[in-house]
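Start from chain A and add chain B according to the hints.
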Amino acid sequence: MWAERQGLEVVRAGALTTVQDLGRPGHAHLGVPRSGALDEAAHRLANRVLGNPESAATLETTVTGCAVRALRATVAVVTGAPCPVTLDGRAAPWGRTVRVPAGSVLAVGTASYGVRSYVGFAGGIAVEPVLGSRATDLLSGLGPEPLRDGAPLPLGTPPDPGPVPGAPDAAPWQAPPRELVLPVRYGPRADWFTPEALRTLTARTFQVSSASNRIGLRLEGPPLERAYDGELPSEGMPLGAVQVPPSGRPVVFLADHPTTGGYPVIGVVPPEALCAAAQAAPGTAARFVPAGR
Amino acid sequence: MTTPPGRPTAIGTASRAGAAGPAVHPVGRRGLLVELAGAEATEALHAELLRRRADGTLPPVREIVPGARTVLLDGFESPEAVRRLAAELPGWAVPPLAGGTGAVVEIPIRYDGPDLADVAALWGVEVDQVARIHAATEFRVAFCGFAPGFGYLTGLAEKHHVPRRANPRTKVPAGAVGLAGEYTGVYPRSSPGGWQLIGTAPDTVLWDTDRTPAALLAPGTRVRFLPVEPPPLTPAPASPSSPVPPPPPARPPSPAPTAPPAPTTPPVSAPPPPPVDASGPHTAQYPGTPDKGQGPPSPPPNSPSAPSGRQPQPQPRGYVRVG
Chain A
1 MWAERQGLEV VRAGALTTVQ DLGRPGHAHL GVPRSGALDE AAHRLANRVL GNPESAATLE
61 TTVTGCAVRA LRATVAVVTG APCPVTLDGR AAPWGRTVRV PAGSVLAVGT ASYGVRSYVG
121 FAGGIAVEPV LGSRATDLLS GLGPEPLRDG APLPLGTPPD PGPVPGAPDA APWQAPPREL
181 VLPVRYGPRA DWFTPEALRT LTARTFQVSS ASNRIGLRLE GPPLERAYDG ELPSEGMPLG
241 AVQVPPSGRP VVFLADHPTT GGYPVIGVVP PEALCAAAQA APGTAARFVP AGR
Chain B
294 MTTPPGRPTA IGTASRAGAA GPAVHPVGRR GLLVELAGAE ATEALHAELL RRRADGTLPP
354 VREIVPGART VLLDGFESPE AVRRLAAELP GWAVPPLAGG TGAVVEIPIR YDGPDLADVA
414 ALWGVEVDQV ARIHAATEFR VAFCGFAPGF GYLTGLAEKH HVPRRANPRT KVPAGAVGLA
474 GEYTGVYPRS SPGGWQLIGT APDTVLWDTD RTPAALLAPG TRVRFLPVEP PPLTPAPASP
534 SSPVPPPPPA RPPSPAPTAP PAPTTPPVSA PPPPPVDASG PHTAQYPGTP DKGQGPPSPP
594 PNSPSAPSGR QPQPQPRGYV RVG
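Line by line, the protein sequences give chains A and B.
No gaps in the numbering here: position 118 of the first sequence is 118 in our numbering, and each next residue is one more.
All you need for our numbering is the position in the second sequence, starting with 1, plus 293.
Treat each hint with caution, since some may be false.
To be verified - Stretch by stretch, here's where chain A covers chain B in the computed footprint (C-beta under 8 angstroms, at least three residues):
1) 348-360
2) 424-438
3) 508-515
Rather than coming from a laboratory, the hints here were simulated on the basis of the structure.
Backbone N, C-alpha and C fix where the C-beta goes; we use that ideal spot for every residue, glycine too.
Here chain B stands alone, though its shape is the one from the complex:
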């Protein structure tokens, strides 16, 4: 397969904004999609856009939505504002991300996930080291999606990036903490999911519309996981089927996981586990789940639409409700 166009190929880790300028793509007449070389450059540009918005030096815009390698700016007041910004933005001097400032959201965690042993094997460390490494990492919310308040957290070193599970689970409990690609995330509600589960965050409410702000995690928020008990010396319940760390599953390095858990429409009857397909979105594999667009976590990616079904039918509610 050829490399997609744009600027998806970050060269090594040299990905500061400025090293390779951002590419600007049109989004209708009132928006722009700015594409960068890597996660860090993307987060730096997002921070810069928020600074300029706060300063009043950014033209008014309705939405500023970071993604894995992009920032979407949508809802400018005029096509002229879009044209001016598109011309000017690639020349901005964007300071590197400032670390260590601002409040940190602490999420209590028990490192008791069923995939701890698999992750340890992928990382090449002892099982108890997984918790130590994870808990010593400072994360940032790179972007949100999949469900209100779900944050994709970056911060793990590249050598600790892991693929999604070859066989996504049909049910991942709310509060499960998982890894996929470069991201860590906390499942906001029970759903199918393919992330490698390393722990549980039992007491954290990611989203509560009766709270201000409703979202605990917003793009740019710094996050630490606080073990509520010392990392176990012995592996917590590992995958039942594999008491011994299995060899890393053969998988093509999966492209950035685009999706978090998948909000999926619960099929009418329990879906059979999707056939193994490590290469891509597991979407369309749930009967009854139309492939829809997007790719939140993995499995049924897009489920958003999934709920669709037929037009006049009310969708089941609640399965998407967070909290």
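Extracted from the complex, chain A is given alone in its bound form:
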């Protein structure tokens, strides 16, 4: 049993590495954020390459990568932000499966582009789920702690037979765009803003702020002026909400966003566009393009 459960030991946790899966949707009415991998496509792809179910938990790094020692032989893959990968100090491929013998150290380096790499293992990270998910939710503290040096990480049972026919054997990566383009559909509170602010949102360029995190992509740029100063009674906030706090600088809500809020939402970015937001480094130019009213 012990041999089944043991899996990895964290050698270098990196700046912020968390366990992520597809999150815990369906509990927002209790104040529970959805959480889950920010670049969900990269997370799913890592699992497909390994033959895992897409819901298996992976590690999400933040800029500086991480390193783990395998306590038993396993197979890993790194997707998401491209980065150098090494096995016991020797170069290993990014985006393809890597066999990791027991005792070897898999190191994921600093991202060459983008922000978040995903490190998947055959069988997935097998920490105890909370409300059906193993994801770390940094807003409300649900799920496992972020990785710490020396901490153990259990692995699940490897998939049998492994990658199914038709699964990719390598992860594609498009070169990162020079600017982040986010489709936005106005509403539900577009009428709280001046016509000028609605034009500004889609006509001007913003920059990704270094204060961005798993809760929200914060943008710097021209402030969006409200037509009303009132406080909005708390209301439900969807994933992808473009919320405008009193500073006028929009925040695009990501997976760990609060479930209710009191600042108006000028528009909503569709979930599939948020993977790119998850990889936009601070300073990246960002534009919103209208996706219809």
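Coordinates of chain B only, in the frame set by chain A:
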């Protein structure tokens, strides 16, 4: 300031669903935000949505999230489902909230909060009456937010609505029972907060992920506070600085308090008490706390994001953990 658009102006208390139809706002392509005239209409619509979901007559939707005057429906399977529902929903006949049915969650309380005297003065009653009135009220969880399991409870009569404190406390203990606007809430963990504290619920675990259900309070749950000892005849420790009920602080009637306690990021060093600003979110006043969106309780509203800081830094955990 002009009145915000939408349907925020409930006229008097005539706010049954149906009296003024709901307004439906788009939320991306897979969601809707339904806005109503008042808390009661909102709770009635929420109950109706749950009934229809249970019946199988509501198109499948991932989240149904009530707010103070709205219900968010997010994650429909198709834009067509959204369009159909948006067209149909304003015509629904929504029955008024049924009272008196279903189980009631009882929360033991000691009415020993430091703001009892202030609340008594605001209500125009003797101090011991505050406990009697509060304990005689049947509350409902209007909505949750701010932290897993935190419920905004409605039920107090309008004349018993109170503003948040002009000077939020930098630390409110877990279990404190507070009032703000039309709401009563129980702080799930120690945090800064601006609600008027009237008591303590020492033994109630609002959120426990090892329990099923994890949340003691969900939208629609009925709640009563059970005094564990008779209401004191003399005021419990009132605000130290004001043994005598101070005159009600001059405050603009504050808009609905949108936030409960604030999950805030504990600033690196203890924050100085925020400057007085009774008018709005006290957010951005804690150094180091970026204004973020939302407004849970008051103070640092949004703290959610507050924890943010810089991207690569792990946020301190635990301060948000409930329980």
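Now for the hints, and whether the structure bears them out:
no., hint, verdict
1, 348-360, "holds (count 6)"
2, 424-438, "holds (count 3)"
3, 508-515, "holds (count 3)"
Hint violations for this structure: none, all hints satisfied.
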